[in-house]
Each structure stands twice: as C-alpha cells, then as structure tokens.
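Keeping their order, the protein sequence lines are chains R and Y.
Residue numbers for the first sequence, in numbering that gives the first Met the number 0: 0 to 479.
Residue numbers for the second sequence, in numbering that gives the first Met the number 0: 0 to 479.
Hints should not be assumed to be uniformly reliable.
[Unchecked claim] In silico DSBU-like pairs for lysine-lysine, Cα to Cα no more than 30 angstroms straight-line:
1) Lys445/R - Lys299/R
2) Lys445/R - Lys248/R
3) Lys384/R - Lys310/Y
4) Lys220/R - Lys270/Y
5) Lys299/Y - Lys384/R
6) Lys88/R - Lys25/R
7) Lys27/R - Lys384/Y
8) Lys384/Y - Lys445/R
9) Lys88/R - Lys384/Y
10) Lys384/Y - Lys313/R
Note that these hints are calculated values from the structure, not bench results.
Number of protein chains: 2
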Amino acid sequence: MAEANNKDKNESQLTPLQQITYQLRKYKLVEGFVNLQDQANHELTESSVQKQNLAELQALLDQLHPADIAHILEALPLEDRLLIWGMVKAEHDGDVLLEASDAVRETLITDMGSHELIAATEYLDTDEIADLAPNLPQEVMDDVFQSLPITEREQLRAAMSYPEDSVGALMDFDVLTIREDVRMEVVLRYLRRLDELPDHTDQLFVVDRNEQLKGVLLINKLLVSDPDTLVSDAMSEEMIKLHPDDVAKHAANAFERYDLVSASVIDINGKLLGRVTVNTVIDFIREEAENEALNLAGLKEEEDLFAPVLKSVKNRWVWLAVNLVTAFIASRVIGVFEDSIEKLVALAALMPIIAGIGGNSGNQTITMIVRALALEQIDNNSAWKLIAKEIGVSAVNGLIWGTVVGLFTYAIYQSASLGLVMTMAMILNLLLAALLGVLIPLTLRKLGRDPALGSSVMITAVTDSGGFFIFLSLATIFLL
Amino acid sequence: MAEANNKDKNESQLTPLQQITYQLRKYKLVEGFVNLQDQANHELTESSVQKQNLAELQALLDQLHPADIAHILEALPLEDRLLIWGMVKAEHDGDVLLEASDAVRETLITDMGSHELIAATEYLDTDEIADLAPNLPQEVMDDVFQSLPITEREQLRAAMSYPEDSVGALMDFDVLTIREDVRMEVVLRYLRRLDELPDHTDQLFVVDRNEQLKGVLLINKLLVSDPDTLVSDAMSEEMIKLHPDDVAKHAANAFERYDLVSASVIDINGKLLGRVTVNTVIDFIREEAENEALNLAGLKEEEDLFAPVLKSVKNRWVWLAVNLVTAFIASRVIGVFEDSIEKLVALAALMPIIAGIGGNSGNQTITMIVRALALEQIDNNSAWKLIAKEIGVSAVNGLIWGTVVGLFTYAIYQSASLGLVMTMAMILNLLLAALLGVLIPLTLRKLGRDPALGSSVMITAVTDSGGFFIFLSLATIFLL
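Same shape as in the complex, but just chain R (with noise of 0.2 angstroms):
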C-alpha cells in the first residue's frame, strides 16, 4: 500500500509528456501482447483492458492546456502522435494547431479532413485562422471565409494581407473601446455587463466617434480613480502606437523596454486597427531566435524531429551545397600550391591550423557586430572605431597565437623559418578575419539583406581560402 502511494507520488511528479508516454507504451505493450493471442481470445481481452488504457489516455488528454498537448505532439513519432491527435477534443484542435511548430502543424493537418478543419477554426478568432491560413487547404479557407459575419470576413482578410514579419501579423482585434466624456462609474458599469475581458486586457482604448485614437485608459489607474473622474482626466495621450506595416522586430523591441502588456496598432490616419499583446510577442521572440539559431547552423527552418529522410534532406541540403561550393574553391587555392607541398610536405599537415583559427575569430567578430546591427547600436561614425577596435583585437590575437602556433611548428619540423612563415600567415589571417567580419555584415545590411543569414559561412569561406592562400604564398616566397 504504501509502495502504491509512492508510485502515485511519483507519478504526479512527471511531466505531461512523460505521463502520455507512460500509459501511450501500456496501451501499446497490451496491443501486442493481445495480438500474440488466438483471434477468439483477443477480442476479449481488447475489449476490458484497452478500454481501460484508453479511457485512462482521454482522460489525461483532457485536462491538459492545449500547449502542452500540442508540446507532446512535437515529441511523439508520427504514428504515435497521430494516434494521440485523434483523441484530442474538437474544441481544442484549432488551440494546438496554432501552438505546434509549422513543421508538426503540418503532419496534422494532413491528417485531417476538411469538416474537420472547419470545425477546428469555428474556435478560433480571426486574427488566429490568419496565422493557420498559408496551411490550409484552399477549399477549407474558402468555406471558412463564407461562413463567416462580415466583420470577421474583413478582419481575416485584413489579417491574412499583412506580411508575415510585420506588426500586422502580430495583432489581434481584441479592443475594448470607450469615450473620453465618461466617468469611471460607467466605465466599470460598462465592463460588468461584459461575460469576460479579452485576455491581456491592461488597458482600454479611447476613441472618439471616427475611431480616432485618443488616449489609453490603464486598467491600473480605473481601478485606483475616483468613480466620478472622467476618462479624459484619467488617461493617459502618451503611448505607443504601433502601425500594421512596422517591422516586428521594432514592436518586440518596444514591448522589451517599455515593458508593455498590450500595445495599440493604427492606421496612418491615426484610427485604431487592433493590438499587439505581449503573449504574440514572446512567441515572436522565441521564433526568431530558434531561426536565427537554424539558419546559423545551415537549417533552412525548424524541423519536425521526426520527420521522413527525405523531407530532413530537403530542409538541409541549400548550406551544404554552398558549403562545398566554397570547400571546392578553397580546394582549387591548395591546389595552385601542389608544387610548394610536393616539396615540403608539413605544409599540408599545418594549413588546416591557419584556416580553423581564422574562421573562429572570424566569426567572433561577426557575432559582435551583428548583434550591435540588430540592436541598432552601429552608424557610419561607430563603423571605423569598431574597425580599428577588432583590428586591434586580432593583432593582439596574431601575436599571441602565432608565437603558439610558430613554436608549435618548430618543436614538431625543427625549423624556426617555418615556425616564423606559421606566425606571420597566422597573424595576417586574424587580420583579415577582422576585417571582413565587420565589412561583410556591414555591407550586407546597406544592400538591404539580413546580415545574419549566410555572413558566418561567408566569413568561413574567407579564412579558409584566405588562410590557405597567404599560408602557402609565404611559404613558396621565403621557404622554397
């Protein structure tokens, strides 16, 4: 008994997706033991015991946020994922399909039929379906659009035309409105008579009669304000005003130092669209970081982990290819050299060390800079000290190393002009590191590109074919 209570404990100590794998493996461990047995047998056995297992599954299914369902999904192999996606109720569907990652979100929905579909958005608000809209099949989007009230039918589409990194594709419709000739009274009369706020309600937003923005009444000062204050003593004109075609990463930026719950967006005639709140923010925050993490490592986007060969081939196989391309370059510069390695062959054996060094200083250097980029922290003025500055770092750097690398190269070959060619080639590959760390994303961001995508592999090409290039030109020059 009391080793039961233990495991009852421990149970609940589990997480939500540690608990769905547990009764997932009894349920299946049954199915093959029942299917071991003789057919007559089986039905039996199916028929108490896996009731029970599954009833045991739904059970547990049903208590759960639809972010953790949509958590577990991501984890599960696909016929198991499907298996679980079958037993989640239809109410929640719409919810975790919007919290899965667009890879899973995939899987599921082609798992899905049409009715289905369109039932799973008859849960969801406008700006919502928006976000699932580039999944869906046409036909769906199209009974979706008929079935819905005018309004909404605008909303969406209003939703739908915002590009997909700009504050319109963040915001929602959620606004509660008011005037600014009321008392504070009527105010929280008005709110009573509502069932429920929109989540991340912070504020009310005052307009006039052309929906012109006035002023934000924080829920905060209504609730610390005297009954008879009217709302234009209360509110407050000074706020931020976001607009649907901004960059998003400018609003994230806003929420982040203004410590925002919610944030109006509107039109440029100064007429109130919607809002940001601070929940699409994090999740904004949290994507772009996960990109920018791929797209580093030479993943084109987020990957379902268990997703088909194939399909991982496909989401991979861009970087690689640019990768060889410049290994192939990098190869035809050692090849120019053939003779100069013919004769003295260490060079082939220290090459690699010039190459590795440089690329991650390099890409020290670009980390840096790009980072200040994104921040906005770098105008042409700060350009040439930050020059100078990573400059200096890599001579410092070159000194350092080179000597490691120059005593290295002697204590294994036993010749100090080699040693030397090493330090020097090492010291002049940081420089160029450093120099084209800051030019590369410098020179992307003027030309309108992301500097974070592609300049660390660029940087990389640099330093290896550089590297190779100055290596084996000092040593044919002073060594042959």
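Assemble the complex: chain R is given as a structure, and chain Y must be docked to it using the hints.
Relative to the frame of chain R, chain Y by itself:
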C-alpha cells in the same frame, strides 16, 4: 521656411540614438572650433553657443525612457558615453544601470562615486538592487543594507541568495494580497485607496492568515463580477505556482505556453513569497538566446562594443585556445600521412572538402538535437529513433554529395579511383557526423552538462580529425 519645416519633420523621425548623436556632434564640433580660437574669444563663445547646445542635449535626455538611455549609452564610445551619463537625472540612474548590459554597466559604475551609487539605489525596489548587487562595490552594498527598513533588508538578502538562473532571481515582491471571505466591493474599495497598483498587476493573490496562497483573483474577473460576489466564489484555485529554486527556464516555458502576465512564487509550505512578471521573463528569454548565440560563436559573454582591445581579447581567448588544440590534433592526424601526401599531392587539396562538409552536416544534426533537448522532447525511447533518422539523412546526403565530389575530383585529376575514394570518405565522414551529432549532446546531458555549450566545437573537432583520417587512410589503402 518650408525647408526648415522639412528638417524639423525629419528630425522628429530620427531614433532617440540618432537625435542624441546629432546633438553630441554639434556640441563637440563647436567645442573643437572654440579650441582653435584664442583664449579671450573662447570663453565668450562657450558661454553662449555651448550652453545652448548642452541645454538642448539635456532637454532631449530628460524626456527619454531609461531603457532608451541605456540603449544609447551602449552604442556610444566610452568618452561620449560618460559625457551623456553625467547628464542623466539622478532618479533615472538606477533604472538605466538595470537596463544596460553587464559590460556597459561596469563602465558606468566605475565612473560613479559611492554617494551617487547609493543615491541611485534609493529609487529601486529590493529585487532590482539584488540584480545590481554583483556589480556594486562592497562598501556601497553595506551602506544600502544599513539604509533599508527591516522587511526590505530581509527581501534583499533573500533575493541575493538565489542563484542566477533560478526563479528566485526573476522574482519581485510587489504582490497585492486579499482574503477570500470579502466581497468584490471591498476589494475595489481597497484598491481605490492605493495611489497606484504595481506594474503588471493582472491578478490579486488570495491568502489566508498564515500567508498560505489559496487562489488568485484575476483583475479581469474582478471587473466583470457583481460587487456582491465573494472573492472565494470568483477566485480561481488552478494557477501556476513557481518555487524560488525552480530553474528560470521552466518559468519562462510556462509563461510562453500559458500566456501569463504574472505568476505566484511560493515556498515549500505553500506560503506566498512573491511573483514573477512577464517583462522580467522577456528579458530573461532575450538574454538566454543572446548567450546561446555568443557561446556558439566562441565568446564567453556579451561584450561592450567599445571595450578596450585587451578586454575583448580576454573575452575571446578561451574558445580560440580550445580551437587551437583541436586544430593541432587534426594537424598531427595529417602529419601521420605525410608519406602518402608526398606520393599523391592531390590529397592535400582534397582533404579539406571532406572535413568541411562533415563539420557542416554534424552541426546541423547537433542543432536539431540541442533544440529538442532544450524543449525536453527526447527520452531514451526516441533517442534510438533519432539516431536512425540522422544516419538515414547522412546516408542520403553522403550518396548525393559524395557523388558530386567524386565527379569534381575526377574532372580535375582524371582519376576514377581517386574520385571513388572521395565518395567513400564523404559518406563515412557524414555517417560519423550523424552518429556523434546525436551522441555528443545526449552524453553531455547525461553528464549533467549544458548540451549547447561546446558541442559544436566538439563535433567540428571530430569531423575534422575524423575526416582527415578516413580520407587519408582510404587513399593510402586503395591508391598507393
């Protein structure tokens, strides 16, 4: 006149950083001009134009949010930074220090006297002082402790005692508590007696006489409830409860999944200690993502853009040294095969291709796995599935890219057997990359280490040395 208007318009569209930089430059330009003139004239000019310029700069600064000031200080070279820092209002000093990055904060604190520092803390909450504490001189902290009332002194001591990445470090003490046996009307009256509510108050915490947390009353619920309703009838007992010793990352995951604005923190006995708010969580998420990116690039920590050269060298040397060691090892692997390379010098030109693509592919795998580990989506069961999948991806990639490099080799060196060796080496190195790309992060995790830290360096070391070894031994066996 029209032009002047235009200029005004453009100026107002500048970012705060650009406006400050513009004013600063104007100020320094005049100063430079004045220095060129003779002494007599000097004082006259300075007293008029410069006072005016300084006043404009001051006016601009005074209207900026502390977060914006911190951002501007980060973007300015040290000299300008300290000039502006001296002009920031004393009551903003503490907030600016909080918002600035660690490296920049240090430069600012070094510039301040003890009295200024103590004054700066007077405008801060105890949890904020705890955040600054590691950067403050001991004697300042002693004085601050002395000056605090006893409860706050205890709070500060508690806040300082939590490790950096724990929920305790994110916690603040601004909780509003109510009792469950009162009516909404009483709660509303209680709130109205306060001057203002703490930032991010989206819920009131319901506690009993012993400060045991019984539930939470959402502000949104309070607003829509009938004034006669009892708190116990409107409060919700299902809520997120954090513990101060929880890993901060878990709290961040909860905020992201459940779209929280604030969450309670309780001790093991259920006593309410404080709360965590979404703005702190956003800062934490950003910092985490940043640190990950910096670590990947081999930087120990965030760097002041304008740090002195030697400080930057210190921040970067560790990973360069690690890299150097792995490069030395790779170099010695090649060294073993010097005889083979002497006989067939093409090997020297071709070997970096095998190593490079292996490293790229291995890093793709590592990134996938590290990400899944961070989301807690891998258990022992799925580990085998993942290894199988990654091996599959590598086999396909190896066949594709192996064939490409084989043909490239044949085209250049007219040797079919050399091409075949390239193909085989590529396939084997990609398989090695896949296997270790899964095993390295899983092993680090098993050993209780952070799988994100250093696994990229390790996989590159393996695919470099391994790639050279595979290729050169195949060549030695089949070609020589």
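Hint check results:
1. Proposed proximity of Lys445/R and Lys299/R is supported: the alpha carbons are some 24 angstroms apart, at most 30 angstroms.
2. At most 30 angstroms may separate the alpha-carbon atoms for a hinted pair to count; Lys445/R and Lys248/R meet this at roughly 18 angstroms.
3. Restraint check for Lys384/R and Lys310/Y: satisfied, since their Cα atoms lie roughly 16 angstroms apart, inside the 30 angstroms limit.
4. For the suggested pair Lys220/R and Lys270/Y, the alpha carbons sit about 29 angstroms apart, so the restraint of at most 30 angstroms is met.
5. Taking the CA atoms of Lys299/Y and Lys384/R, the gap is about 22 angstroms. The hint holds against a cut of 30 angstroms.
6. As the CA atoms of Lys88/R and Lys25/R are separated by approximately 22 angstroms, the hinted pair is consistent with the 30 angstroms bound.
7. Using a Cα cut-off of 30 angstroms, the hinted pair Lys27/R and Lys384/Y holds, with the two alpha carbons roughly 17 angstroms apart.
8. Only pairs whose Cα atoms come within 30 angstroms are accepted, and Lys384/Y paired with Lys445/R is rejected, the gap being roughly 45 angstroms.
9. A hinted pair counts as satisfied when its Cα atoms are at most 30 angstroms apart, and Lys88/R with Lys384/Y qualifies at roughly 28 angstroms.
10. At most 30 angstroms may separate the alpha-carbon atoms for a hinted pair to count; Lys384/Y and Lys313/R meet this at roughly 19 angstroms.
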